Amino acid sequence: MNGETALLDLHTLPEPGSATLETDYDGRRVSIMIIRHHGAVHGYLNDCPHLGTPLDWLPGEVLDRDHRHIICATHGARFRIRDGLCISGPCLGDRLAAVPLSVRGGVIYLKPPSDSCAEA
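Residues in the sequence shown are numbered from 1004 upward in steps of one, following my numbering.
A hint or two may mislead.
Pairs of lysine to any residue residues, derived as SDA-like cross-links and limited to a Cα-Cα distance of at most 20 Å, are as follows [claimed, not checked]: (1) Lys1114 to Glu1025; (2) Lys1114 to Asn1005; (3) Lys1114 to Leu1024; (4) Lys1114 to Ala1101; (5) Lys1114 to Thr1008; (6) Lys1114 to Asp1029; (7) Lys1114 to Trp1060; (8) Lys1114 to Leu1054; (9) Lys1114 to Ser1034; (10) Lys1114 to Gly1006; (11) Lys1114 to Pro1103; (12) Lys1114 to Thr1026; (13) Lys1114 to Thr1023; (14) Lys1114 to Arg1031; (15) Lys1114 to Val1044; (16) Lys1114 to Asp1069; (17) Lys1114 to Gly1096; (18) Lys1114 to Arg1032; (19) Lys1114 to Ala1100; (20) Lys1114 to Asp1012; (21) Lys1114 to Leu1016; (22) Lys1114 to Glu1007; (23) Lys1114 to Val1033; (24) Lys1114 to Arg1068; (25) Lys1114 to Ala1009; (26) Lys1114 to Gly1030; (27) Lys1114 to Leu1013; (28) Lys1114 to Leu1011; (29) Lys1114 to Tyr1028; (30) Lys1114 to Ala1043; (31) Lys1114 to Leu1095.
Keep in mind the hints are simulated off the structure, nothing from the lab.
Note that the structure is a prediction, hence the values are computed from the model and not measured.
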């Protein structure tokens, strides 16, 4: 609990759905993607491993039409939601940088970078 940052209320994030927001993490200001899918909450830096650009195609929208994958708006790379692995596109085999999240009392928290990444 120490050093955790409250990000948003779980009920504001649809199932399945995504949100992006700016926060301080590991000594710098970053954009984070939060994805709610199959009862779990996943967090990644909002940076494509190929070009370093944000993935959202509309503000907060990073999932494909079927809500099965994270998709990069720049070049269409697809990433698995559960582990951030790129399964198609120019960064095939690369991963999104995960950020550790927890859910308590209906609130999604960002854990400090020293904590292991966990799904809620």
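Structure-based check of each hint:
1. For the proposed pair Lys1114 and Glu1025, the alpha carbon gap of about 15 Å is at most 20 Å, so the pair holds.
2. This hinted pair checks out: Lys1114 and Asn1005 have alpha carbons roughly 8 Å apart, not beyond 20 Å.
3. A hinted pair counts as satisfied when its Cα atoms are at most 20 Å apart, and Lys1114 with Leu1024 qualifies at roughly 15 Å.
4. Between Lys1114 and Ala1101, the direct Cα distance comes to roughly 11 Å. Compliance with the 20 Å bound is thereby established for this hinted pair.
5. As the CA atoms of Lys1114 and Thr1008 are separated by approximately 7 Å, the hinted pair is consistent with the 20 Å bound.
6. Of the supplied pair hints, the one linking Lys1114 and Asp1029 holds, its CA atoms being roughly 10 Å apart against a limit of 20 Å.
7. Taking the CA atoms of Lys1114 and Trp1060, the gap is near 26 Å; set against the 20 Å cutoff, the hint is violated.
8. Note on Lys1114 and Leu1054: the hinted pairing is violated, with a Cα-Cα distance of about 26 Å set against a maximum of 20 Å.
9. Restraint check for Lys1114 and Ser1034: satisfied, since their Cα atoms lie roughly 15 Å apart, inside the 20 Å limit.
10. Between Lys1114 and Gly1006 the CA atoms are separated by roughly 7 Å; this keeps the pair inside 20 Å, and the hint holds.
11. For the hint pairing Lys1114 with Pro1103, the CA-to-CA distance comes to about 5 Å; that is within 20 Å, so the pair holds.
12. Simply put, Lys1114 and Thr1026 have alpha-carbon atoms about 12 Å apart, close enough for the 20 Å limit, and the pair holds.
13. Note on Lys1114 and Thr1023: the hinted pairing holds, with a Cα-Cα distance of about 16 Å set against a maximum of 20 Å.
14. The straight-line distance between the Cα atoms of Lys1114 and Arg1031 is roughly 14 Å, inside the 20 Å bound, and the hint therefore holds.
15. Taking the CA atoms of Lys1114 and Val1044, the gap is about 13 Å. The hint holds against a cut of 20 Å.
16. Pair hint Lys1114 plus Asp1069 does not hold up; C-alpha atoms about 29 Å apart against a cutoff of 20 Å.
17. At roughly 26 Å between alpha-carbon atoms, Lys1114 and Gly1096 are farther apart than 20 Å, so this suggested pair is violated.
18. Taken as a hint, the Lys1114 and Arg1032 pair is honoured in the structure, with Cα atoms around 15 Å apart against an allowance of 20 Å.
19. Taken as a hint, the Lys1114 and Ala1100 pair is honoured in the structure, with Cα atoms around 14 Å apart against an allowance of 20 Å.
20. At most 20 Å may separate the alpha-carbon atoms for a hinted pair to count; Lys1114 and Asp1012 meet this at roughly 15 Å.
21. For the given pair, Lys1114 sits about 19 Å from Leu1016 by alpha-carbon distance, which is consistent with the 20 Å threshold.
22. Proposed proximity of Lys1114 and Glu1007 is supported: the alpha carbons are some 5 Å apart, at most 20 Å.
23. Distance check on the hinted pair: Lys1114 and Val1033 sit about 14 Å apart at the alpha-carbon level, within 20 Å; holds.
24. Proposed proximity of Lys1114 and Arg1068 is contradicted: the alpha carbons are some 30 Å apart, above 20 Å.
25. In summary, the hint linking Lys1114 to Ala1009 is supported, as the alpha carbons are separated by about 9 Å, within the 20 Å threshold.
26. This hinted pair checks out: Lys1114 and Gly1030 have alpha carbons roughly 13 Å apart, not beyond 20 Å.
27. With a C-alpha separation of about 16 Å, the suggested pairing of Lys1114 with Leu1013 holds against the 20 Å cut-off.
28. Distance restraint check for Lys1114 and Leu1011: the Cα-Cα separation of roughly 13 Å lies within the 20 Å cut-off, and the hinted pair is therefore satisfied.
29. As the CA atoms of Lys1114 and Tyr1028 are separated by approximately 9 Å, the hinted pair is consistent with the 20 Å bound.
30. Taken as a hint, the Lys1114 and Ala1043 pair is honoured in the structure, with Cα atoms around 16 Å apart against an allowance of 20 Å.
31. Between Lys1114 and Leu1095, the direct Cα distance comes to roughly 28 Å. Violation of the 20 Å bound is thereby established for this hinted pair.
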